[in-house]
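Participant: In order, the protein sequence lines correspond to chains Z and U. Residue numbering for the first sequence follows my numbering, beginning at 1 and increasing consecutively. Residue numbering for the second sequence follows my numbering, beginning at 1 and increasing consecutively.
There may be inaccurate statements among the hints.
Partial list, computed: chain Z residues near chain U (C-beta under 10 Å) [what the hints assert, rightly or not]: (1) Gln37; (2) Phe88; (3) Lys102.
25 Å max Cα-Cα, derived SDA-like pairs, lysine to any residue [to be verified]: (4) Lys36/Z to His29/U; (5) Lys57/Z to Asp1/U; (6) Lys3/U to Asp83/Z; (7) Lys3/U to Gly41/Z; (8) Lys57/U to Met5/Z; (9) Lys51/Z to Asn101/U; (10) Lys57/U to Val44/Z; (11) Lys57/U to Ser26/Z; (12) Lys3/U to Arg68/U; (13) Lys3/U to Thr20/Z; (14) Lys13/U to His42/Z; (15) Lys71/U to Thr96/Z; (16) Lys53/U to Asn95/Z; (17) Lys71/U to Ser7/U; (18) Lys3/U to Lys71/U; (19) Lys57/U to Gly40/U; (20) Lys3/U to Ser65/U.
Hints are computed from structural coordinates only; laboratory data are not their basis. The structure presented is a predicted model; accordingly, all values stated were derived computationally and were not measured. Every residue, glycine too, gets a C-beta built ideally from N, C-alpha and C.
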Amino acid sequence: GQQVMQIPQYQHVQEGEDFTTYCNSSTTLSNIQWYKQRPGGHPVFLIQLVKSGEVKKQKRLTFQFGEAKKNSSLHITATQTTDVGTYFCAKGSGNTPLVFGKGTRLSVIA
Amino acid sequence: DVKVTQSSRYLVKRTGEKVFLECVQDMDHENMFWYRQDPGLGLRLIYFSYDVKMKEKGDIPEGYSVSREKKERFSLILESASTNQTSMYLCASSQARGAANTIYFGEGSWLTVV
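Excised from the complex, chain U in its bound form:
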């Protein structure tokens, strides 16, 4: 079974702090994604990556950056956390480029910025 592991399930951070959300997948998937989920807004794509050291902006990249130094690891970075970034963050991976590929999600990281 594919496993996508997010390092932190629940975090509380202060406004202005730098926040790292880590994600690791164990199935040698090419593609990795970061989504944000908020009530009534569904799943919104923040950033994605189709290869190591490669990144592409999704629909809502403002206030975020990402890093993919190794194939299995994709990190989401909040340079200066703000209260409007309080949300659930979902990491995901898929085998290869192409819309026909199933996405596997991690369990999510609940971030509260105070």
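Chain Z extracted, bound-state conformation:
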């Protein structure tokens, strides 16, 4: 399947700093999903975006879907140590299985 490009691959931040990961596709997406995997754990669904320009918030997490539905971002405000983990975006298209990005691994230094 065609990959989604996710950047950066790694991010180290001081606790309290903001963090953003980006997901880009060369094709228009029907939807995008975001997952979080804690160290030693398995990916867990966070959110799905469907509409062009959509913005959704979950406490300190803000998710955006681009106007052209080709990119998405996840922004965390004032990171905490509980935010540590790998964040994956996954693109949806028709009836085919989700295609995952390679993930962004976030480290938070207390």
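Given chain Z, put chain U in place with the hints provided.
Facilitator: Just chain U now, with coordinates in the frame of chain Z:
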């Protein structure tokens, strides 16, 4: 809550052995998936199934096969394990066909082939 259970959390197998990874979901989901996760490579789809006795190849099916004899169970088979199959394997399920459906993952099976 959806529960996807993988039978083995950690396995060590010898090169050439036949390996079975079992996965069971308890939410009557139509779709089941096997992914492989390696550092820097993300999640790669090995096989998936949209129905009982049905299977489709994912992105990296070579060296693997699958079996889905019952709706709730999806098995991944390594016919002859090799060291390059050392990895974490994640089983997952979703309710119905369609990219808008959330995927629920099992806890993963760490396989080491020596």
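Participant: Hints numbered earlier in the text: which of these fail when held up against the supplied structure?
Facilitator: As far as the earlier hints go, only 13 is violated by this structure.
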